[in-house]
Amino acid sequence: MSGLNFQLLSTIRLGIKSLLLHKLRSMLTMLGIIFGVCSVIAMLAIGEGASYEAQEAIKKLGSDNIILRSLKPPEDAKQAGMATRGSSIEYGLTYKDGARIQATIPGVKRVLPVRIIRENVRFGANSVACQVLGTYPFYRDIVGMELVRGRFLTETDEINNHNICVLTVGLAQRLFPYQDPLDHSVRIDAFYYRVVGLVREMNMPEQRTQAGRKEGEPLDNNVYIPLSTSRSRFGEVLIRRSAGGFEAEKVELHQITVQMKDTRSVETADPQIKTLLGRFHNKNDFEIIVPLQLLRQAEATKRIFNIVLGSIAAISLLVGGIGIMNIMLANVTERTREIGIRRALGAKRRDITLQFLVETVVLAVGGGLIGVMVGVLTPLIVSHLTTMKTIVTVWSVLLAFGISGAVGIIFGLYPAKAAAQLDPIEALRHE
Amino acid sequence: MPPAEPIIRLEGIEKRYVLGAEVEVRALRGVNLEVMPGSYVAIMGPSGSGKSTMLNILGCLDRPTSGRYFLGGMDVSRMPDDELSEARGKRIGFIFQSYNLIAQLTVLENIQVPLLYQGVDLRQYEERCRTLAEMVGLGDRLHHRPNQLSGGQQQRVAVARSLVNDPLMILADEPTGNLDSKTGQEVLELIDHLSERGKTIVLVTHDDRVARRAHRVIHMADGLIDREVLNEPRSNGAQGRVSS
Numbered sequence: 001m002s003g004l005n006f007q008l009l010s011t012i013r014l015g016i017k018s019l020l021l022h023k024l025r026s027m028l029t030m031l032g033i034i035f036g037v038c039s040v041i042a043m044l045a046i047g048e049g050a051s052y053e054a055q056e057a058i059k060k061l062g063s064d065n066i067i068l069r070s071l072k073p074p075e076d077a078k079q080a081g082m083a084t085r086g087s088s089i090e091y092g093l094t095y096k097d098g099a100r101i102q103a104t105i106p107g108v109k110r111v112l113p114v115r116i117i118r119e120n121v122r123f124g125a126n127s128v129a130c131q132v133l134g135t136y137p138f139y140r141d142i143v144g145m146e147l148v149r150g151r152f153l154t155e156t157d158e159i160n161n162h163n164i165c166v167l168t169v170g171l172a173q174r175l176f177p178y179q180d181p182l183d184h185s186v187r188i189d190a191f192y193y194r195v196v197g198l199v200r201e202m203n204m205p206e207q208r209t210q211a212g213r214k215e216g217e218p219l220d221n222n223v224y225i226p227l228s229t230s231r232s233r234f235g236e237v238l239i240r241r242s243a244g245g246f247e248a249e250k251v252e253l254h255q256i257t258v259q260m261k262d263t264r265s266v267e268t269a270d271p272q273i274k275t276l277l278g279r280f281h282n283k284n285d286f287e288i289i290v291p292l293q294l295l296r297q298a299e300a301t302k303r304i305f306n307i308v309l310g311s312i313a314a315i316s317l318l319v320g321g322i323g324i325m326n327i328m329l330a331n332v333t334e335r336t337r338e339i340g341i342r343r344a345l346g347a348k349r350r351d352i353t354l355q356f357l358v359e360t361v362v363l364a365v366g367g368g369l370i371g372v373m374v375g376v377l378t379p380l381i382v383s384h385l386t387t388m389k390t391i392v393t394v395w396s397v398l399l400a401f402g403i404s405g406a407v408g409i410i411f412g413l414y415p416a417k418a419a420a421q422l423d424p425i426e427a428l429r430h431e
Numbered sequence: 432m433p434p435a436e437p438i439i440r441l442e443g444i445e446k447r448y449v450l451g452a453e454v455e456v457r458a459l460r461g462v463n464l465e466v467m468p469g470s471y472v473a474i475m476g477p478s479g480s481g482k483s484t485m486l487n488i489l490g491c492l493d494r495p496t497s498g499r500y501f502l503g504g505m506d507v508s509r510m511p512d513d514e515l516s517e518a519r520g521k522r523i524g525f526i527f528q529s530y531n532l533i534a535q536l537t538v539l540e541n542i543q544v545p546l547l548y549q550g551v552d553l554r555q556y557e558e559r560c561r562t563l564a565e566m567v568g569l570g571d572r573l574h575h576r577p578n579q580l581s582g583g584q585q586q587r588v589a590v591a592r593s594l595v596n597d598p599l600m601i602l603a604d605e606p607t608g609n610l611d612s613k614t615g616q617e618v619l620e621l622i623d624h625l626s627e628r629g630k631t632i633v634l635v636t637h638d639d640r641v642a643r644r645a646h647r648v649i650h651m652a653d654g655l656i657d658r659e660v661l662n663e664p665r666s667n668g669a670q671g672r673v674s675s
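Residue numbers (my numbering), protein chains in the order written: chain A, 1 to 431; chain B, 432 to 675.
The following block holds chain A by itself, in its conformation from the complex (with noise of 0.2 angstroms):
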């Protein structure tokens, strides 16, 4: 037995000196396993870094979380382009909806209303543009902030109408460049707000889709006030004044964040937020987001992304195979008269067979032992390079590797096979 397993090590060793006796060859034929397994690695990475991404902001949102939002109905704002200045437009989520909601649905822990304004905040000369969020003190829960300093709205600001905003970092900063903000008051349109807290979101989805954001501008210039104070301080229609005219829009909410109990009722709750809302909106003007049902679609978009990319990288390997098996049969070729003389001397057809194929596997595995070096290398230095994620998975690194071998063998065994098959006499005479 360890003569066998001696003969199996001097084999492989042979193998690798005769590959290195032609150094270049076999780093060129070496090279398309290495793209290969490196492309099936960087690939995949992308991929899944790509796919994370776009989960996580999605499981951000909640996967208990039904959200809802108001959308201005296109023939309403065909008619707001027309002559019909002066016109008020009536849409969106009312307060009645989440009262629907919130008596009807089961499985409904909370529901959520969002009035978001979009108005200018001044501090002193400072005016920066910013929305102003008017909502309920559990916003902080359902959508995920960081309190930095202060407090955030409470209860009794929402009872009492308390002129009190709550800042987020990036805006306080802005705002308030030398002073401490806390205790001072901003004034958005014609009000005065104390500041009581900081904030940082996490992460701002409902911003990013926002309407009317212009390019370039910073996603976290947000004020919280007290969803009774924006009632009171703004009205309920929202008046745009433009040249020749102003436009007035009636929207009593801009979203509703409805939180389920648990994600198994978020399934069943949708389907029927749709038809209670349905039977009281006539026109269309208001969507549903089920971040679960994104982020299922999302896993599905990724399977697909990484059969393709897969598939790519499997034709490099199948190409760089091919490229192994090229060159091998032109080494059979070459080496024929050494066959002939390991024949004469003993040598079996499998010990034959064995000898080459152990060469193809020798190239095809060390091939892809860079190219798992590389294909890892490769992900690191975009992510650095770029703001891209990528996530190098161990069952990636595997499957290229394990194609690799397998890709040795089975392109190795037909040269290695047509060696074993050589005549000796003719072997020996081959010049």
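Honestly, the hints are just simulated from the structure, not real lab data.
Backbone N, C-alpha and C fix where the C-beta goes; we use that ideal spot for every residue, glycine too.
Please note: incorrect hints may appear among the correct ones.
What the hints assert, rightly or not - Below, a sample of chain A positions facing chain B; criterion: calculated Cβ distance under 7 angstroms:
no. : residue
1   : Phe6
2   : Leu9
3   : Pro74
4   : Leu345
5   : Lys348
Claimed, not checked - Every beta carbon over 10 angstroms from chain B, so not counted as near; a handful from chain A, in silico:
no. : residue
6   : Leu21
7   : Ala57
8   : Arg118
9   : Pro137
10  : Arg279
11  : Leu295
12  : Ala300
13  : Ile341
14  : Asp351
15  : Met388
16  : Lys417
17  : Ile425
18  : Leu428
The hints should help you fit chain B onto chain A, whose structure is shown.
Chain B in isolation, oriented as in the chain A frame:
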């Protein structure tokens, strides 16, 4: 001692090659031959006499079309390929005209090649390989490659290689064909030396002077043994050249 069994026994060996559709070449036409252990046999003949075919069959590189070939008492004429390979590896030591060393291996490794296919642990045989290399006068060149050696040295490596498996017989095919007369002489002396130590040697040559060293010279013609000449035993290479 009981009378020794012959190492080689050929019984009515025929070899026919089919070339194309209807053309058949009868390279050997019923050869009978016995070679006793320890004998030194030279096979001579003009080209086309069947001596190469004979060598291939004796060396288990080819199988006869009909007839039987006993090598060390074992019928190898109908053996399947793998067993024939094993018989070659274990029972026959080859010395070729063009040395046939493997270029990427060192002297020591070349000597070891036949052992590779016996499934033995090479480390246990390393001493033996060194001894053989020393015997052929290359003890100081163990790690040289064939292209760093002269023709005579290469052929001596081949001689050492042919001995490594302790074969029943050594089959030499024109061992001096590629060498100048001086180095050829040295290699022949080495072979003589092996014969003196009791090795069975079968040598194929077309050179009279080479054949004269053998105990027994077999002349082939047209696929048959034409005649046989027995040489007188010699005490050394310089004496006892008996003309046939």
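Cross-check of the supplied hints:
For phenylalanine 6 (chain A), the suggested interface contact is upheld, since its CB lies about 5 angstroms from the closest CB of chain B, less than 7 angstroms. With its C-beta approaching chain B no nearer than about 10 angstroms, leucine 9 (chain A) sits outside the 7 angstroms limit, and its interface hint is violated. Checking proline 74 (chain A) against chain B by beta carbon gives a least distance of about 78 angstroms; that is not within 7 angstroms, so the hint is violated. Because the beta carbon of leucine 345 (chain A) sits about 5 angstroms from the nearest beta carbon in chain B, less than 7 angstroms, this interface hint is met.
For the restraint placing lysine 348 (chain A) at the interface with chain B, the shortest Cβ-Cβ distance is roughly 4 angstroms, inside the 7 angstroms limit, so the hint holds. At the 10 angstroms boundary, the C-beta of leucine 21 (chain A) falls inside the reach of chain B, the nearest C-beta of that chain being 5 angstroms off. Distance check on alanine 57 (chain A): its Cβ is at least 58 angstroms (rounded) from any Cβ of chain B, clearing the 10 angstroms threshold; non-interface status holds. The beta carbon of arginine 118 (chain A) is kept farther than 10 angstroms from every beta carbon of chain B, the shortest such distance being approximately 78 angstroms.
The non-interface label for proline 137 (chain A) is consistent with chain B: the shortest C-beta to C-beta separation is roughly 81 angstroms, beyond 10 angstroms. Distance to chain B confirms arginine 279 (chain A) as a non-interface residue, since its nearest Cβ pair spans about 84 angstroms, more than 10 angstroms. The beta carbon of leucine 295 (chain A) is kept farther than 10 angstroms from every beta carbon of chain B, the shortest such distance being approximately 59 angstroms. The beta carbon of alanine 300 (chain A) is kept farther than 10 angstroms from every beta carbon of chain B, the shortest such distance being approximately 54 angstroms.
The non-interface label for isoleucine 341 (chain A) is inconsistent with chain B: the shortest C-beta to C-beta separation is roughly 5 angstroms, within 10 angstroms. Not every C-beta of chain B lies more than 10 angstroms from that of aspartate 351 (chain A), the closest at about 6 angstroms, which undercuts listing it as non-interface. Non-interface call for methionine 388 (chain A) relative to chain B: holds, since the shortest CB-CB distance, roughly 47 angstroms, exceeds 10 angstroms. With a least CB separation of 14 angstroms from chain B, lysine 417 (chain A) remains clear of the 10 angstroms interface cut-off, as annotated.
The non-interface label for isoleucine 425 (chain A) is inconsistent with chain B: the shortest C-beta to C-beta separation is roughly 5 angstroms, within 10 angstroms. With a least CB separation of 7 angstroms from chain B, leucine 428 (chain A) falls inside the 10 angstroms interface cut-off, contrary to its annotation.
In the structure shown, a violation is registered for the earlier hints numbered 2, 3, 6, 13, 14, 17, 18, in ascending order.
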